[in-house]
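A.B. asks: Letter by letter, the chains look like this.
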Amino acid sequence: MKFHTEYLVLHTKNRREYLNITHDVAGALKKSGVKEGMVLVAAMHITAGVYINDAENGLIADIDEWLETLAPQERKYRHHLTGEDNGDAHLKNLLIGHEVVIPITEGRLDFGPWQQVYYAEFDGRRDKRVIIKIMGE
Amino acid sequence: MKFHTEYLVLHTKNRREYLNITHDVAGALKKSGVKEGMVLVAAMHITAGVYINDAENGLIADIDEWLETLAPQERKYRHHLTGEDNGDAHLKNLLIGHEVVIPITEGRLDFGPWQQVYYAEFDGRRDKRVIIKIMGE
Amino acid sequence: MKFHTEYLVLHTKNRREYLNITHDVAGALKKSGVKEGMVLVAAMHITAGVYINDAENGLIADIDEWLETLAPQERKYRHHLTGEDNGDAHLKNLLIGHEVVIPITEGRLDFGPWQQVYYAEFDGRRDKRVIIKIMGE
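Chains as they are written, first to last, in my numbering: chain V, 1 to 137; chain C, 138 to 274; chain R, 275 to 411.
Because the hints were derived from the structure by calculation, they are not lab data.
Each hint should be verified, as a subset may be incorrect.
Said to hold, decoys possible - Distance windows between CB atoms, simulated:
1. V:R125 with R:R399: 41 to 49 Å
2. V:A61 with R:E339: 42 to 50 Å
3. C:P209 with R:H285: 21 to 29 Å
4. V:K30 with C:E211: 40 to 48 Å
5. C:E211 with R:E380: 34 to 42 Å
6. R:K287 with V:G33: 31 to 39 Å
7. C:K172 with V:A26: 42 to 50 Å
8. C:G170 with R:E339: 42 to 50 Å
9. R:D401 with C:A192: 35 to 43 Å
To be verified - A partial selection of chain R residues facing chain V, derived with a Cβ cut-off under 8 Å:
10. L293
11. D338
12. W340
13. V375
14. G381
15. L383
16. F385
This one's a predicted model, so the numbers in the text were calculated from it and none came from an experiment.
Ideal placement from N, C-alpha and C gives every residue a C-beta, glycine not left out.
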């Protein structure tokens, strides 16, 4: 049984940003030498998520607008009584999802044609981490 | 350590459809011979999801209506500038979730009384795939 | 390869409640003796979820209000024709997510600074179960 762990440090310029990290996940898989198993890719913060979808800029703008409609930044959240201003980022995280698990077959991410792994930052402009944990043989 | 991989090919008649695939997942588990471990069931497309919920037709109609309220098909998405017409399907996928991980205990899916695995198609009428990856002993 | 399985029984006083179960998950991990691997924490019901977020009471009230806005209890759901009154609980479950997978590194839950595991009850006041399945070495 093999295990391989990597931590990505991401620092976005904007409060909200969507970063394609497929290449990083595939790189970690290659280093691990695992041929069969699973990869867990998880945000280590509660104001950022990880999801699988398309690398298409129009869609990414649609996703951002949609998340802002369902969990607006400007709403008065009780969470802001603590001094924070990121209540929306917590809700966006719950909506988009916190982690993904990806199958590994014959040494590669066993994805369909358009699947890409994205890091969704909802409260950026500082260092944040993502863990890649690979488990298999 | 045992690994077992199967691919389901699903082809719905309608654009949106919800298919109970619990029997397929349980069948794959039986073939694998795994007694303890985890099953990953994941859509291989970005306009379809996998979720766990009830096999009740009224609820399934509720889910469909609810998803359509939160991510309507008829909205003008930027993604449609690429020639696609399925922006809503991407957002519905993000909402419902892309994959599930199910515990295996004593050779069976360790589910509570009403849990069933569903494939949620949001842009059907063509062949689409789901991967079942089993890992355990 | 080691496997460890525990079932938590939760019984809330209110219809909706959010319980921090991080301590239970960490306790199960300690008992398992696993140093590297993954923990799956999953609701065994379809009207309750598991998510990772902050242990801050204002935020928890925000989450509850937000879920009630997006999937209101009082709406007339088709599911209620079966005699049930918990259509909203099924939809809230789909939104918040049904399970989480947590990385294990050096014998501990490999979490960032604020990550906590929560059980989200949407139709409580009776015994309900959560499974903790640990897999690793």
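A.B. asks: Grab the minimum C-beta distance from W340 of chain R to chain V and call the hint holds if it beats 8 Å, violated otherwise.
C.D. replies: holds, 5 Å
A.B. asks: Can the hint on F385 of chain R be confirmed by a CB-to-CB distance to chain V that is less than 8 Å?
C.D. replies: Since chain V brings a Cβ to about 7 Å from F385 of chain R, closer than 8 Å, the hint holds.
A.B. asks: State, for the Cβ atoms of R125 of chain V and R399 of chain R, whether the hinted interval 41 to 49 Å holds or is violated.
C.D. replies: holds, 43 Å
A.B. asks: Between A61 of chain V and E339 of chain R, does the beta-carbon spacing fit 42 to 50 Å?
C.D. replies: Because 28 Å falls outside the window, the suggested range is violated.
A.B. asks: Taking the CB of P209 of chain C and the CB of H285 of chain R, does the distance hold inside 21 to 29 Å?
C.D. replies: Because 39 Å falls outside the window, the suggested range is violated.
A.B. asks: Can the hint on L383 of chain R be confirmed by a CB-to-CB distance to chain V that is less than 8 Å?
C.D. replies: violated, 11 Å
A.B. asks: Lying within 42 to 50 Å: is that true of the beta-carbon distance K172 of chain C to A26 of chain V?
C.D. replies: violated, 32 Å
A.B. asks: Let me know if the C-beta of G381 of chain R comes in closer than 8 Å to any C-beta of chain V, holds or violated.
C.D. replies: violated, 12 Å
A.B. asks: Regarding K30 of chain V and E211 of chain C, is the given constraint of 40 to 48 Å on their beta-carbon distance met?
C.D. replies: holds, 43 Å
A.B. asks: Mind checking the CB of D338 of chain R against every CB in chain V and telling me if the closest is under 8 Å?
C.D. replies: At about 10 Å, which exceeds the 8 Å cut-off, the nearest Cβ of chain V leaves the hint on D338 of chain R violated.
A.B. asks: Against the range 31 to 39 Å, how does the distance between the Cβ atoms of K287 of chain R and G33 of chain V compare: consistent or not?
C.D. replies: violated, 51 Å
A.B. asks: Taking the least C-beta to C-beta distance, is L293 of chain R closer than 8 Å to chain V?
C.D. replies: The hint is violated - L293 of chain R has no Cβ within 8 Å of chain V, the shortest such distance being about 16 Å.
In terms of the numbered hints stated before, the structure departs from hints 2, 3, 5, 6, 7, 9, 10, 11, 14 and 15, listed from lowest to highest.
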